[in-house]
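K.L.:
Letter by letter, the chains look like this.
Number of protein chains: 2
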Amino acid sequence: MQTDRNRILVESIRRLLRRGATTHLGKIVNKTHAADLSVVFRSLSLSQQRRLFDMIKDIEQKGVLFSELDKDTFLDLIEGMKVEDLVEILERMPTDDVADLLGRLPEEKAQTILDKMKKDDSAEVEHLLRYEDDTAGGIMVPDFIALSEHVTAREAIESLQKEHLDVEMPFYLYVVDEYGKLVGVSSLRQLVVVPPETPLKDFMTTDVFSVQTDMDQEEVAKIVARYDILAVPVVDDAHRLVGIVTVDDVIDIFRREATEDILKMAGVGDEFVETKSVLKSSRIRLPWLFASCMGGIIAFFIIGKFESSLSRIAYLAAFIPVIMGMGGNIGTQSSTIVVRGLATGRLNVRDIWSVVFKELSIGLILGLVYGLLIGSVAHFRYSMYALGLSVALAVVCSMSVAALVGSLVPMGFARINIDPAVATGPLVTTAIDIISVFSYFMIATTLLGI
Amino acid sequence: MQTDRNRILVESIRRLLRRGATTHLGKIVNKTHAADLSVVFRSLSLSQQRRLFDMIKDIEQKGVLFSELDKDTFLDLIEGMKVEDLVEILERMPTDDVADLLGRLPEEKAQTILDKMKKDDSAEVEHLLRYEDDTAGGIMVPDFIALSEHVTAREAIESLQKEHLDVEMPFYLYVVDEYGKLVGVSSLRQLVVVPPETPLKDFMTTDVFSVQTDMDQEEVAKIVARYDILAVPVVDDAHRLVGIVTVDDVIDIFRREATEDILKMAGVGDEFVETKSVLKSSRIRLPWLFASCMGGIIAFFIIGKFESSLSRIAYLAAFIPVIMGMGGNIGTQSSTIVVRGLATGRLNVRDIWSVVFKELSIGLILGLVYGLLIGSVAHFRYSMYALGLSVALAVVCSMSVAALVGSLVPMGFARINIDPAVATGPLVTTAIDIISVFSYFMIATTLLGI
Chain A
1 MQTDRNRILV ESIRRLLRRG ATTHLGKIVN KTHAADLSVV FRSLSLSQQR
51 RLFDMIKDIE QKGVLFSELD KDTFLDLIEG MKVEDLVEIL ERMPTDDVAD
101 LLGRLPEEKA QTILDKMKKD DSAEVEHLLR YEDDTAGGIM VPDFIALSEH
151 VTAREAIESL QKEHLDVEMP FYLYVVDEYG KLVGVSSLRQ LVVVPPETPL
201 KDFMTTDVFS VQTDMDQEEV AKIVARYDIL AVPVVDDAHR LVGIVTVDDV
251 IDIFRREATE DILKMAGVGD EFVETKSVLK SSRIRLPWLF ASCMGGIIAF
301 FIIGKFESSL SRIAYLAAFI PVIMGMGGNI GTQSSTIVVR GLATGRLNVR
351 DIWSVVFKEL SIGLILGLVY GLLIGSVAHF RYSMYALGLS VALAVVCSMS
401 VAALVGSLVP MGFARINIDP AVATGPLVTT AIDIISVFSY FMIATTLLGI
Chain B
1 MQTDRNRILV ESIRRLLRRG ATTHLGKIVN KTHAADLSVV FRSLSLSQQR
51 RLFDMIKDIE QKGVLFSELD KDTFLDLIEG MKVEDLVEIL ERMPTDDVAD
101 LLGRLPEEKA QTILDKMKKD DSAEVEHLLR YEDDTAGGIM VPDFIALSEH
151 VTAREAIESL QKEHLDVEMP FYLYVVDEYG KLVGVSSLRQ LVVVPPETPL
201 KDFMTTDVFS VQTDMDQEEV AKIVARYDIL AVPVVDDAHR LVGIVTVDDV
251 IDIFRREATE DILKMAGVGD EFVETKSVLK SSRIRLPWLF ASCMGGIIAF
301 FIIGKFESSL SRIAYLAAFI PVIMGMGGNI GTQSSTIVVR GLATGRLNVR
351 DIWSVVFKEL SIGLILGLVY GLLIGSVAHF RYSMYALGLS VALAVVCSMS
401 VAALVGSLVP MGFARINIDP AVATGPLVTT AIDIISVFSY FMIATTLLGI
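Those sequence lines, one after another, are chains A and B.
Under this note's numbering, the first residue of the first sequence is numbered 1, with each subsequent residue one higher.
Under this note's numbering, the first residue of the second sequence is numbered 1, with each subsequent residue one higher.
Hints are not guaranteed to be accurate.
Because identical chains share one entry, a pair is satisfied inside a single copy or across any pair of copies.
Once the Cα atoms are required to be at most 27 Å apart in a straight line, the calculated DSS-like pairs of lysine-lysine come out as [what the hints assert, rightly or not]:
id	residue 1	residue 2
1	K82	K162
2	K71	K358
3	K71	K82
4	K201	K27
5	K57	K71
6	K181	K119
7	K201	K162
8	K358	K280
9	K31	K181
10	K109	K280
11	K57	K31
Bear in mind the hints are in silico, worked out from the structure with no lab data behind them.
Only chain A is shown next, with the shape it has when bound in the complex (with noise of 0.2 Å):
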């Protein structure tokens, strides 16, 4: 429905381009939600883009477009724009979007923008440019309200009625004693349901959660999301309040980093790519792909260590699919499981030898289950014991071996800090492969006495 949408704005949009049909085209444009119009731009060729973005009035909308745009269409969009356009919408910002659109510009030319910025504006972006992109300060928006604890409930909604108007997220107000240290939050509608003058003090929670500025951007999505929280505050060292994290960004985190995740299991980076060019994809994912190849030729120098006696039996080599598939299925099974678990919380990294053993239990189980299902197929094809025999035991060897690294592999770079999703994917499909047709050919040899 929602695609479908959006299906019918691309396209209407596209034809009215074709057409010159300016005037109707503004009228949609300036209709659109610029959430909307980020998925029309993606559909357009840069030229395109940029008569749609000059067709738009509110520089309110342009800027939430920017911040919807992703890196490579935001950069081809501001090429060429005359700073001051630029600075007027940047001004019009939430100061964490603004501050995240000039991390992806080139120093020198995100220095040019600051200078023109208002003072107050720009001030507050380079204070968030001090943090860390993936940690709660870089995140954060210094945009919230806070008072003191003496002040009455009637004050407080008088003072939301004359400040803090661009305040994102005034559900939440904070309590800060005299050095800003934050002591308590309380409601937007606690303050309208108490006497009007009964001081913050006496109904204001004690018990608030909060995260400090170099908490990582993960750790804090977790925390809004475990206790159903709109917004979390964040604090520096001294306990000071700086800022706050909001739960839309959290969800943005959170869809973010599983696709990372995805991806990155996957070799193919972590950015969505297929929005790229033939050739800037086929670039991306190429070096991701060298870690199999090399795997590839180093089985087929050990299957070349057994060249004499393939050439006696030749049928050996019709069981090295289904034992390296195999192998390499549960392999994925292991480590997404555990990929994913360590993501969601499911699994603890200290939990490391539970988990690989338990997972080796069941590569085990599995193996037999399907070993000798194989190994019935391998002695009914050829009618040879020994053969059916070696079958059986390189699939179970090859199960659980893969369920072994599988989850080992990934647990182990957590547990360094490593990024497990980045190990997983090639390198342990890779890994699996050549212990896989090593295992088949020692077991096969032997047995056949070949």
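Chain B: place on chain A using the hints.
P.N.:
Frame of chain A; chain B shown alone:
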């Protein structure tokens, strides 16, 4: 950090349980957030879970814990609990969570519980149970604030002080006409900012995003994420407001859907099985490996057909792993990009041909690069021009077919409304294995004239 804290919590609770330090344990349990307790529960035995559960004094905390537990843990825990105690807890929980929990129980037991609940509550729950689990109706909460457009800001605030005290997300005030149809929305923030005597119709937003009760939950989640809203109103066929879907549920949907997609693609069902026993996990993973097993057996019969060629040139077998591996890996890349692209809305199912064509081009380019590389290694090793060429061609063929199949299959399934994630993983891998092996032997036997 977060996981460390939980780890410490789990360890101290286990230690105290062993020591039987009931008083101390009771203090910890009643100080810990139910969301954290649910993590602890995962690592405890059933009898330990029961002991801990009985120590919780706050009935609402028991309710939060219920909704955080895994399905199996929940069912085990309430086995043998008195219906009266259960009802007491359920009555303090949000209606949508109650409906979720009752949906997990056998119908008879659910009915017994509904009969014992307060009339109002059970009517609301029964109403929710009528909607499909994974639709807007199934995940909405029926508690929201709906006011007439003639109500003034002051009256609205007064009504908040008297009624609607149990509303979960009191940040949006929905405005309905005399028939209960949704006509506008306002926020608590606006209420306190406008002059008190202003009627809602003068400051409400009439351009409200809303969803129908039967909309798929993923679509609902995408709308909330796209427009950065905290809740979306749900309307029935007659556009009457019947509930809202809140942002905390949206986060859960995204996380669950991402996990489901990842697990399905790896062929491990659609639920996280790691917390289940070894035998249970093995049973769930067994059937998903069957496709790969059948594919392997087919490949084995295909290679069997070329037995006479193999016995003449045994080292033909040495290239099977690298050709299968390259095809398998690029196939995984393509299908992952398609599945995740469709899930995040980056790809549209109607663009099937342009996506598949692009993937085929990438497969061809990468196939040429790696074909040249692997073909050269083959030529260098055996000094046979025809063998090098065969291997190179087989790599090109395997990689381009794999990119084609890997993108076409999930796109095609999505087109006919079958979940593309299920169709991917084992099915695509197996198809690619068979095609790779077959085309390799066809090319090699033709070019080498054997």
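K.L.:
Now look at each hint and say whether the structure bears it out.
P.N.:
Here is what the structure says about each hint:
| no. | hint | result |
| --- | --- | --- |
| 1 | K82 x K162 | neither (34 Å within a copy, 55 Å between copies) |
| 2 | K71 x K358 | between (42 Å within a copy, 21 Å between copies) |
| 3 | K71 x K82 | within (19 Å within a copy, 57 Å between copies) |
| 4 | K201 x K27 | between (51 Å within a copy, 26 Å between copies) |
| 5 | K57 x K71 | within (23 Å within a copy, 51 Å between copies) |
| 6 | K181 x K119 | within (25 Å within a copy, 47 Å between copies) |
| 7 | K201 x K162 | both (22 Å within a copy, 23 Å between copies) |
| 8 | K358 x K280 | between (41 Å within a copy, 12 Å between copies) |
| 9 | K31 x K181 | between (44 Å within a copy, 24 Å between copies) |
| 10 | K109 x K280 | within (25 Å within a copy, 58 Å between copies) |
| 11 | K57 x K31 | within (10 Å within a copy, 54 Å between copies) |
Violated hints amount to a single one, hint 1; each of the other numbered hints is respected by the structure.
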